[in-house]
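Asker: Okay, here's what each chain looks like letter by letter:
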Amino acid sequence: MGLFNFFSKEKKAKLDQGLEKTKTSLLSRIGKALAGRSTVDDDFLDELEEILVSSDVGINTTLKIIERIQDRVSRDKYLGEAELNTLLREEITALLPEPEAHLSQDFNLPEVKRPYVIMVVGVNGVGKTTTIGKMAYQYKQKGYKVVLGAADTFRAAAVDQLKIWGTRVGVPVIEKGMNADPAAVAFEAVKEAIDQNADVCIIDTAGRLHNKVNLMNELSKIKRVMQKLTDGVPHEVLLVLDASTGQNAFEQAKQFTAATEVNALALTKLDGTAKGGVVIGVSEQFKTPVRYIGVGEAMEDLQVFNKHEFIDSLFSN
Amino acid sequence: MFENLSARLEGAFKTLKGQGKITELNIAETVKEIRKALVEADVNYKIAKTFTDEVKAEALGQNVLTAVSPGQLMVKIVNDKLQELLGGSTSEINLNANPAIILIAGLQGSGKTTFSGKLSKFIKSKGRNVLLVAGDVYRPAAIDQLKVLGEQVGVEVYTEIENKNPVEIAQNAIKHAKSNGFNVVIVDTAGRLSVDEQMMTEIANVKKAVNPTEILFVVDSMTGQDAVNTAQAFNERLDFNGVVLTKLDGDTRGGAALSIKSVVNKPIKFVSMGEKMEALDVFHPDRMASRILGMGDIVSLVERAQEVFDQEEAERLQKKMSRNEFNFEDFLSQLQQIKKMGNIKDLMGMIPGVGKAIKDIDINDDAFKGIEAIIQSMTPEERRKPELMNGSRRKRIAIGSGQGVEEVNKLMKQFEEMRKMMKTMNKLQGAGRSMRGLPFRR
Ligand SMILES: Nc1nc2c(ncn2[C@@H]2O[C@H](COP(=O)(O)OP(=O)(O)OP(=O)(O)O)[C@@H](O)[C@H]2O)c(=O)[nH]1
Ligand SMILES: Nc1nc2c(ncn2[C@@H]2O[C@H](COP(=O)(O)OP(=O)(O)OP(=O)(O)O)[C@@H](O)[C@H]2O)c(=O)[nH]1
Ligand SMILES: [Mg+2]
Ligand SMILES: [Mg+2]
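Sequence order for the protein chains is A and B. Just so you know, we're using this note's numbering here: the first sequence kicks off at 3 and counts up by one. Just so you know, we're using this note's numbering here: the second sequence kicks off at 2 and counts up by one.
Hints were generated in silico from the structure; no laboratory data involved. Treat each hint with caution, since some may be false.
Non-contacting residues of chain A with respect to chain B, defined by C-beta distances greater than 10 Å in every case (computed) [what the hints assert, rightly or not]: (1) V114; (2) G274; (3) K277.
Listed below are the simulated PhoX-like cross-link pairs for lysine-lysine, each with C-alpha atoms no more than 20 Å apart in a straight line [as the list claims (entries may be wrong)]: (4) B:K277 with B:K127; (5) A:K115 with A:K66; (6) A:K165 with B:K148; (7) B:K277 with A:K66; (8) B:K50 with B:K82; (9) A:K165 with A:K178.
Note that the Cβ used here is the ideal one computed from N, Cα and C, for glycine as well.
Chain A extracted, bound-state conformation (with noise of 0.2 Å):
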């Protein structure tokens, strides 16, 4: 099979007719790729490759699955298509890591001192709020009762958009207004969740760059005052990733897990023609689980991330 060169080929015509703007999700299409293959050739690989990275997986991460394959190829002398199916989703599968048990799954509470803190975190724009938004309506639907905490002080109407989302679902939201100190504020939410024995308590923040240290400290001090009031808390450091971001969520993974020890991640806009494939890589690379992702501006529009949903799409086509 000898090395694999990037962007070794012309591209496939069926490729090369402009930039497609169906949606066609980037598990559909690797299946698409397999359709009809019975060997791993060279082509195979091209044509998986430019999936791959053109749905954000970005080269590292691409290289590295196809090296796996590669090596699976070579070692088990593999050639149905059936097989050829199962080894890539397989190899995919190995990348992302498995929740972890003390986290809640599925909306169903750990066993953990009530409440249970989530603190939500990232880039401008990315759908922190409306995640909070959709996880209360979650969490709530459970029968658990939530507390919701307007620590994005900042943002202009960030508070009210909040509170629009707590009349919403039907869940308090506890604020001080614009401009007050978040770490104030998620202090006093997570205050009143005990005091109101909730059950979840999620914390809105203000979205920044994570190169902006100043901002980065911040953050790390509205857990650090948390933390006054109990221990543990908050149990949940959920990072907000956008599926249409490239590259640069590789940067904002390691900047918020290096200020707030991120254990979780949250993938939104699947709904669009972004792939969100960078999620593979992050994943992998920062042994953080997905484990939401959102699919719409409603309500309802969460869902848990199921790796195996996730990769069995990639093939069913």
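Knowing the structure of chain A, use the given hints to seat chain B with the ligands on it.
Answerer: Same frame as chain A, now just chain B with the ligands:
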């Protein structure tokens, strides 16, 4: 923003160093590296391929004997190509109508509402009478958000709280504008996905109803490979006039800029570089290209500083800075102006070399309050002669200002850092203009 890309390109060029001339053989590795770097920088992979193919063709066609070195030649070719791809020249916004109507469109969360606020401020500062229109009837608190921004920049915001029809709202707003002497109308709209047929039809209908003078497509600079799909889809429905790149204050490599420009062939008209209403800049392809190659965006910085700073005051300070006479009185009087320019750290970060140097220095905008209190607790003499600040004076000032001695010490340190930086900035600004296009143009 493009630091990473330029670093990668430098890496790619290294493989060419020491080679006598460019051949198919010795260029192959470089071309591949450039392509990889571009894709890693989120340039669409197809565009990256076209780009590097052209670079390669040009490199091979050069008379290699006259080239100073193959590496330098490649840098020049890549630089020229980047500029070409990003668009030949500055493209200004069209306001030639009365009222001029600007329609803002883009994906969810890309920065449309923030940009609308910024643009209204920008146009207002040119002496126009601007009206903002809250055309997002979906997102929770979208109208409030625009109202807050309008208030911040002193621009009226047209809203219809009960009306859920953006076409009607836009039409009514224009009537309102005409009868109230507004000559520019900026219509903010809800974020929408290009595959959302209903929403795309809605905005197409807004366009049909109000016949905008200018339609701007707002896109997040962190966008990956999908940028081309989205830009193309919006362009097909709206045939927009220009692109706005947002969140450039981040560290994204920003390859989406290259992708979009080459796929829809519409100029990038503005860049948005922060959350504050001042953090807006017109787009300069030449500067962007040199920025890609790591030369920094000094000219932009200087211009922005000039817009905000009082010219005479700036000159007075300039002199003081260069003589290292900058004192606490100057500092205090400048805090306000600096605040107006946006985040100081972001501004400094635009200067090559300085970005790294100030990475770990804590310059917090909110810290200004405490700083002001401290300076106000100094005697006039102390303000003029920072070197007087010994231990006992610091203690007195700490008590007087209600800040800790620690804070006072921190300020003293920061002040020294700032003085140093200003000196650097001064030097760089001086060099800024002559640095453009170097070293390859000579
Ligand atoms: N289509 C779609 N839109 C989404 C999704 N999640 C969020 N949005 C939209 O994205 C935009 C930004 O969402 P927000 O929740 O305000 O984002 P944020 O991260 O809180 O933003 P900041 O607080 O300003 O940083 C809004 O228009 C949301 O409706 C999703 O899964 N799909
Ligand atoms: N750092 C930074 N943040 C920005 C910039 N432009 C916008 N933002 C932030 O990005 C987030 C989203 O901006 P909005 O203006 O609400 O975006 P939008 O496109 O109107 O969002 P929707 O209406 O929900 O589709 C907010 O947190 C803004 O403050 C920028 O240039 N730099
Ligand atoms: Mg928010
Ligand atoms: Mg908006």
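Asker: Given the hint that K277 of chain B pairs with K66 of chain A, test it: the Cα-Cα distance must not exceed 20 Å.
Answerer: Between K277 of chain B and K66 of chain A the Cα gap is close to 41 Å, so the pair fails against 20 Å, i.e. violated.
Asker: Would the hint linking K165 of chain A and K148 of chain B be met if the CA-CA limit is 20 Å?
Answerer: holds, 17 Å
Asker: K115 of chain A and K66 of chain A were given as a pair; does the straight-line alpha-carbon distance stay at or below 20 Å?
Answerer: Roughly 41 Å between the alpha carbons, so the hint for K115 of chain A and K66 of chain A is violated.
Asker: When you check the alpha-carbon spacing of K277 of chain B and K127 of chain B, does it fall within 20 Å?
Answerer: holds, 19 Å
Asker: Taking the minimum C-beta separation from G274 of chain A to chain B, is that value above 10 Å?
Answerer: violated, 4 Å
Asker: Take a quick look at V114 of chain A and tell me if its Cβ sits farther than 10 Å from every Cβ on chain B, holds or violated.
Answerer: The claim stands: V114 of chain A keeps its Cβ more than 10 Å from every Cβ of chain B (closest is about 30 Å).
Asker: K165 of chain A and K178 of chain A were given as a pair; does the straight-line alpha-carbon distance stay at or below 20 Å?
Answerer: Holds: K165 of chain A and K178 of chain A sit about 12 Å apart, inside 20 Å.
Asker: Please work out if K50 of chain B and K82 of chain B have their alpha carbons no farther apart than 20 Å.
Answerer: holds, 13 Å
Asker: Was K277 of chain A rightly flagged as not at the interface, with every chain B Cβ beyond 10 Å?
Answerer: violated, 7 Å
Of the hints listed earlier, those the structure fails to meet are numbers 2, 3, 5 and 7, in rising order.
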